[in-house]
Amino acid sequence: MSKRLFVKGNEAAAMGAVEAGCRYYFGYPITPQSDIPEYLSRELPPLNGEFIQAESEIGAINMLLGASATGARAMTSSSSPGISLKQEGISYMAGAELPGVIINISRSGPGLGGIDASQSDYFQCVKGGGHGGYHIPVLAPNSVQEMYDLTMHAFDLADLYRTPVMLLGDSVIGQMKEALIPNPRPVRELPAKGWAVRGKSGAEQRVVKSLFLGDGELEAHNWHLHAKYQVMKEKECISEEYETADARLIVAGFGSVSRIAHTAVTMARAEGMKVGLFRPVTLFPFPEQALAQAAARAGKVLVVELNTGQMVEDVRLSVGAAAQVSFYGRPPGAGSLPSPEELLEVIRKNYEETAR
Amino acid sequence: MQQVFKRPQSLKDVQTHFCPGCHHGTIHRLVADAMDLYGVQDRTIGVASVGCSVFLYGYFDIDVVEAPHGRAPAVATGVKRARPDSFVFTYQGDGDLAAIGTAEIIHAANRGEDITVVFVNNTTYGMTGGQMAPTTLVGQKTSTSPYGRDKSKDGSPIRMAELMAQLGGVAYSARVAVDSPKHVLEAKKVMREAFGYQAQGKGFSFVEVLSACPTNWGMNPLKANARIGEEMIPYFPLGVFKKEEA
Ligand SMILES: Cc1ncc(C[n+]2csc(CCOP(=O)(O)OP(=O)(O)O)c2C)c(N)n1
Ligand code: SF4
Ligand SMILES: [Mg+2]
Numbered sequence: 070m071s072k073r074l075f076v077k078g079n080e081a082a083a084m085g086a087v088e089a090g091c092r093y094y095f096g097y098p099i100t101p102q103s104d105i106p107e108y109l110s111r112e113l114p115p116l117n118g119e120f121i122q123a124e125s126e127i128g129a130i131n132m133l134l135g136a137s138a139t140g141a142r143a144m145t146s147s148s149s150p151g152i153s154l155k156q157e158g159i160s161y162m163a164g165a166e167l168p169g170v171i172i173n174i175s176r177s178g179p180g181l182g183g184i185d186a187s188q189s190d191y192f193q194c195v196k197g198g199g200h201g202g203y204h205i206p207v208l209a210p211n212s213v214q215e216m217y218d219l220t221m222h223a224f225d226l227a228d229l230y231r232t233p234v235m236l237l238g239d240s241v242i243g244q245m246k247e248a249l250i251p252n253p254r255p256v257r258e259l260p261a262k263g264w265a266v267r268g269k270s271g272a273e274q275r276v277v278k279s280l281f282l283g284d285g286e287l288e289a290h291n292w293h294l295h296a297k298y299q300v301m302k303e304k305e306c307i308s309e310e311y312e313t314a315d316a317r318l319i320v321a322g323f324g325s326v327s328r329i330a331h332t333a334v335t336m337a338r339a340e341g342m343k344v345g346l347f348r349p350v351t352l353f354p355f356p357e358q359a360l361a362q363a364a365a366r367a368g369k370v371l372v373v374e375l376n377t378g379q380m381v382e383d384v385r386l387s388v389g390a391a392a393q394v395s396f397y398g399r400p401p402g403a404g405s406l407p408s409p410e411e412l413l414e415v416i417r418k419n420y421e422e423t424a425r
Numbered sequence: 212m213q214q215v216f217k218r219p220q221s222l223k224d225v226q227t228h229f230c231p232g233c234h235h236g237t238i239h240r241l242v243a244d245a246m247d248l249y250g251v252q253d254r255t256i257g258v259a260s261v262g263c264s265v266f267l268y269g270y271f272d273i274d275v276v277e278a279p280h281g282r283a284p285a286v287a288t289g290v291k292r293a294r295p296d297s298f299v300f301t302y303q304g305d306g307d308l309a310a311i312g313t314a315e316i317i318h319a320a321n322r323g324e325d326i327t328v329v330f331v332n333n334t335t336y337g338m339t340g341g342q343m344a345p346t347t348l349v350g351q352k353t354s355t356s357p358y359g360r361d362k363s364k365d366g367s368p369i370r371m372a373e374l375m376a377q378l379g380g381v382a383y384s385a386r387v388a389v390d391s392p393k394h395v396l397e398a399k400k401v402m403r404e405a406f407g408y409q410a411q412g413k414g415f416s417f418v419e420v421l422s423a424c425p426t427n428w429g430m431n432p433l434k435a436n437a438r439i440g441e442e443m444i445p446y447f448p449l450g451v452f453k454k455e456e457a
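Top to bottom, those sequences are chains A and B.
As numbered in the working numbering, residues 70 to 425 make up the first sequence, in order.
As numbered in the working numbering, residues 212 to 457 make up the second sequence, in order.
Wrong hints could be hidden among the right ones.
Listed next, the in silico EDC-like pairs over lysine to aspartate or glutamate satisfying Cα-Cα at most 20 Å (straight line) [stated by the list, open to error]: (1) A/K269 <-> B/E397; (2) A/K196 <-> A/E357; (3) A/K269 <-> B/D224.
For each label pair, taking beta carbons as the anchor points, the in silico distance ranges come out as [as the list claims (entries may be wrong)]: (4) A/Q358 <-> B/H228: 21 to 29 Å; (5) B/E442 <-> A/T377: 56 to 64 Å; (6) B/G379 <-> A/P98: 21 to 29 Å; (7) A/L282 <-> B/V215: 34 to 42 Å.
It should be emphasised that the hints constitute simulated quantities derived from the structure, not laboratory data.
Every residue gets a Cβ at the ideal spot worked out from N, C-alpha and C, and that includes glycine.
Take the sequences, apply the hints, and build the full model.
Right, here's the structure in full:
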């Protein structure tokens, strides 16, 4: 039914947003995500949607806040330095329980850093980023198809849990071209948006806010948000496993590096090593249980990241004493993307240690 | 007996938290009056800012979105674009609009967003305890300009209504005061005119209101009220600076 297309990851995400019913987009140019605003500036107006190139990422996230407050499906996208600017708005949206999708095609840092593939913003995205101790679901696609599918999923999660949702990729995922099957939006039952501001129209006043000054109000609100995060942890974890059933070593990685690790694991298998790959697709909620089970069977986990060690903290928390955890990182920068052969060498070393 | 004065329908029947002699309450009333005039209460979405007016939703009987400090014009842009049939206004202080939110107000105005902005200039950061604002007069002592605002270091107070009038997207920009019955009546007329631009879909309208903050000016309400005419109006002249024809 659906045709096969050959598109960039960024375009696939933009297409997924349109298919999910998003008609409002607010953004600001930054490499390597500018294909997203470019695509939507072309595609939204004919659909009676609105595209605004905002004055800044701060402007863009607050336009998203406003559009989402009316109950509309809306989105923004940016890359690391721009995501830093959006953090205030994301915190306000989390506090006011507003849905909304934020695509982060991250780049390397700190500071202006560089535009190369990087996973150095795991902490920023997964651990809150802005003030106030909130969480938002973070989805980490590793293919063009997933850029499309997970963007649609992000809109559903946002509406289901009344929360901003982030899609975290990098220049590898955003810029590469692959085949895409643009499936229709999945049918999902979603709650009505009775909270949205629309103009009273004779009904009760509706207020979208994150200020809670009454005695005990804010504490109760924080426990309410916490309870939502617990439900997400129970229901919304997504992960992918490859050759983990009999593995004695599990390689764990997300996003772009998981593609390289996949090749390395296949090469290791060809050499007779019992190695598997565990890929978290949701970074929040982190697939703790699935990873803990796979890790306990294998006894050892090798975490691979394009940074100096961030997701590895969540891996350690997940597996506890059930498995040994080691880490291999390539912090971001030109020429720092590891080759499959490089990862194979690291796998070999770690595998030999388990065999001893 | 004929009733000649009553609470506007768009205002709730509650007491405000404002200090004695504060002008925020009077300005709220003028905004509600304009909403009532055009009968838009039921389709109005107000955007509250961070400052002494943050409790907008407590006083106006309308739907409200609370914006981060300075971001109200961007939030209002998102609201209006997603619901073009709604009536949208922001209500912002001078710290909020003329300091931290400068980029948002300039660009919302320049895009000609079909919204109304009510800008309350009390030459200080009221809510945080009277620090220097971009509108603080030269020589004015505040908690962060204890020697008085120094033009050579702190710059000159920004005249926002005139600045707004320079932007292509702005249809209406005016400055009013509410320190005397005469000025209140003029302010009422201007507020109605500004809201009228949106009611007719004519574009961005801006009303700056000179406002007293007795608490942080260290004055009693009467002295604070008098300061508007004595010190503020000479620097911030009242008037309509832009009025685009239909
Ligand atoms: C990002 C951020 N910075 C600072 C503050 C603290 N703050 C709250 S209100 C305010 C100033 C309000 O002054 P103004 O906008 O003039 O309103 P007024 O209270 O005078 O009506 C500030 C600085 C904040 N809430 N958020
Ligand atoms: S501090 Fe100033 S602006 Fe705030 S309520 Fe009191 S008088 Fe009004
Ligand atoms: Mg002020």
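Hints and how they fare:
1. A/K269 <-> B/E397: violated, 29 Å
2. A/K196 <-> A/E357: holds, 15 Å
3. A/K269 <-> B/D224: holds, 17 Å
4. A/Q358 <-> B/H228: 21 to 29 Å: Violated, since A/Q358 and B/H228 (Cβ atoms, about 49 Å apart) do not stay within the stated range.
5. B/E442 <-> A/T377: 56 to 64 Å: holds, 57 Å
6. B/G379 <-> A/P98: 21 to 29 Å: Hint holds: Cβ distance 22 Å, inside 21 to 29 Å.
7. A/L282 <-> B/V215: 34 to 42 Å: 37 Å Cβ-Cβ, so the 34 to 42 Å window holds.
Checked against the numbered hints given earlier, the structure breaks hints 1 and 4 and satisfies all the rest.
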